[in-house]
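Visitor: Since chain A is already given, all that's left is putting chains B and C on it; use the hints.
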Amino acid sequence: MANLHWLANPGRFLRIAKAVSPVLAGLTVVLLAVGLALSLQAPVDAVQGTPSKVLFMHVPSAWMSMFIWGVMAVASAVALIWKHPVADIAAKVSAPLGAGFTAATLLTGSLWGKPTWGTFWVWDARLTAELILLFLYIGYIAIWQAIEDPQRAGKAAAILALVGSVNLPIIHFSVDWWNTLHQPASILRDGGASIDASMLIPLLLLAAGFQAFYFTLLLWRMEAEIAGRKIRQLRLLSAQA
Amino acid sequence: MTAFGAIILRDVKLGLRQGGGTYWTLLFFVLTVTLFPLGVGPDLALLSRIGPGILWVVALLASMLSLDRMFQADYEDGSLELLALAPLPLELTVLAKCLAHWLTTGLPVTVLAPALGLLLALDPAAYPTLMLALLIGTPVLSLIGSIGAALTVGVRRGGVLLSLLVMPLYIPALIFGVLAVDAAVDGLSARPHLLLLAADLLVAAALTPWAAAAALRLNLE
Amino acid sequence: MDTFAATELACVRGERLVFTGVGFAIASGGALLLRGPNGTGKSSLLRVCAGFVPASAGQLTWNGRPVTREWDAHRARTTYVGHLDAVKPAFTVAENLGFWASLGGRTAEVAALEPLALDHLHDLPAAYLSAGQKRRLNLSRLSVSNAALWLLDEPTSSLDDVSTAALLAVIAAHQARGGMAVIATHHDLPLRNVSVLRLGPA
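Protein chains in written order, with the numbering used here: chain A, 5 to 245; chain B, 164 to 384; chain C, 363 to 564.
These aren't lab readings, by the way, just hints derived from the structure by calculation.
Keep in mind that a hint or two might mislead.
Below 20 angstroms or equal to it, Euclidean Cα-Cα: the simulated EDC-like pairs (lysine to aspartate or glutamate) are [stated by the list, open to error]:
id	chain 1	residue 1	chain 2	residue 2
1	A	K87	C	E377
2	A	K87	B	E384
3	A	K234	A	D153
4	B	K176	C	D485
5	B	K176	C	E457
Which chain A residues stay away from chain C? Per the calculated CB distances, all over 10 angstroms, these [said to hold, decoys possible]:
id	residue
6	F71
7	G74
8	A201
9	L240
These figures come from a predicted structure and were not determined experimentally.
From the three backbone atoms N, C-alpha and C, an ideal C-beta is built for every residue, glycine too.
Only chain A is shown next, with the shape it has when bound in the complex:
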């Protein structure tokens, strides 16, 4: 069967995934536990008070929301150019995770915003850009659901992911242009980090924990997706026989 050849490759992937994912899961637990503990012990921001602790969740979520679209774009390019089925699956199962981190960013952002700005939502540049990113994720997920045949849906979604990644910088720039109200970037500023090490270390630990969390979920979801496609194939074969 010509259309089954891809199973050979995902088979190899599955063996690797099964070995790696428990390690990643353990790493996630350790990083998140240590990061959370340190973040709770970190000194309270003199100006913003206790609510600033939300930023320990908000900032890594925001990083992840953009990082995951990047992963999807790379995976989509690989899937389109080399017709690599595992890349196709990686892009597909990443989208709901990315949408989740984006939603978490918006949620923590508005939780932080209420005591800080006095309102749950302000049209500040970064929150607005995150909201648009959430729309892009939703569009990507919707196109997977709208097209029945997974191979066609995969290619259509891949085109959208690449178009989106070309557009994201333009959108970010335009939204910044539109509104430059938010705090200036303070982590990756020229001349090194400007925040105190007691806050930076838990932040980076949590960011690493979020990364490990994402990759753990990614591997689990990819295993599930491959199993699901295998079942589809077998059903189809039994219908044809």
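Guide: Relative to chain A, chains B and C alone:
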């Protein structure tokens, strides 16, 4: 006539003839703009302040509403297969169809905009900028829209999905376009915004035909 | 003398294997009839030949060269008539034909409508045409085509006996000029220099 010109001429003719939908799109533009004074009240000061935004958002919606006929009708009656098989590269076919879509939506909307600006008490001094911004910005809407139209061409009831896919991608054009008109209203230079809008147009013109053609090929499989 | 051939062709649509191990060869002046029950891949084979659907295995060649390496040239020498008639109801008969001719850089005279007896309707909006007349209008594209390879999917569907005979004459003239045709059909079409490819369940 070249194949490129033939496609533009055909799509414009189809849009203008009975059932083509061009007039409906323009009526939609006019009617929706008149909804805003009814919705927010007849305060001319308020209307003139939000007028540029209203005109742009409604122009965007009008463009989006007419997108589904860019490829869908040709897909349903088999024309798209023949267009794909024609000697003209599919990327250029897409570009021709974008131009035709712009000629039947973006251009008339641009021409109508000052009349609607009048209803919204927009400062007449801003009309040249409004028209120039729409002239640069509405082709962006047709170009980016072609990607959404091509991706959803085989999808049943794809119109809503199409809007969902395209709307976030429209945002830069909307922002630069409104800021240009706002600047003109405030007596400031609209030049930086118009230049950014033009840059957005260049990026869209260079990249969207490839993406839309790839999506069309995929949907013809 | 040109040859168009396929070797060990396989096609997967969606996740379904439509056909596998299909081979044929036709030369200038020849015609190939694709026969077989519904769902055996006659239309899919034509779509593979037209380049809409990539072959999952095997290859198509033109004079021995794989067509996957020269799609532009392959498109230029191919005319495809599918299930759908690509007729715009808002256009007249002549406008419909004229557009498809101009796409290939040619002009269409009303005379091109004569072989399939539509010339007296050239001014009529296509919305008024019957199913058979729309089919004939679509097939009239063949008269303005200078493509060497015609790919016809059930061309005789909704045609009456007179029109079928007229179509066969058009195909025969094409063959006489050295053209070739691949035709999916459920009927025995009396053409000369014909070979038959039977597709069975995969």
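Visitor: All hints, please: hold or fail.
Guide: So, going through the hints one by one against the coordinates:
1. For the given pair, A:K87 sits about 15 angstroms from C:E377 by alpha-carbon distance, which is consistent with the 20 angstroms threshold.
2. Among the hinted pairs, A:K87 with B:E384 is consistent with the structure: their alpha-carbon atoms are about 15 angstroms apart, no more than 20 angstroms.
3. A C-alpha spacing of about 14 angstroms is found between A:K234 and A:D153, which places the hinted pair at or below 20 angstroms, so the restraint holds.
4. Restraint check: the Cα-Cα separation between B:K176 and C:D485 comes to about 16 angstroms, which is no more than 20 angstroms; the hinted pair holds.
5. As the CA atoms of B:K176 and C:E457 are separated by approximately 11 angstroms, the hinted pair is consistent with the 20 angstroms bound.
6. For A:F71, the non-interface assignment is confirmed: its Cβ lies about 32 angstroms from the closest Cβ of chain C, beyond the 10 angstroms cut-off.
7. In this structure A:G74 is separated from chain C by more than 10 angstroms, as the shortest Cβ-Cβ distance comes to about 29 angstroms.
8. Listed as a non-interface residue, A:A201 keeps its Cβ farther than 10 angstroms from every Cβ of chain C; the least gap is roughly 54 angstroms.
9. Chain C draws A:L240 into its interface by the beta-carbon criterion, the shortest separation being 5 angstroms against a cut-off of 10 angstroms.
The structure shown violates just one earlier hint, number 9.
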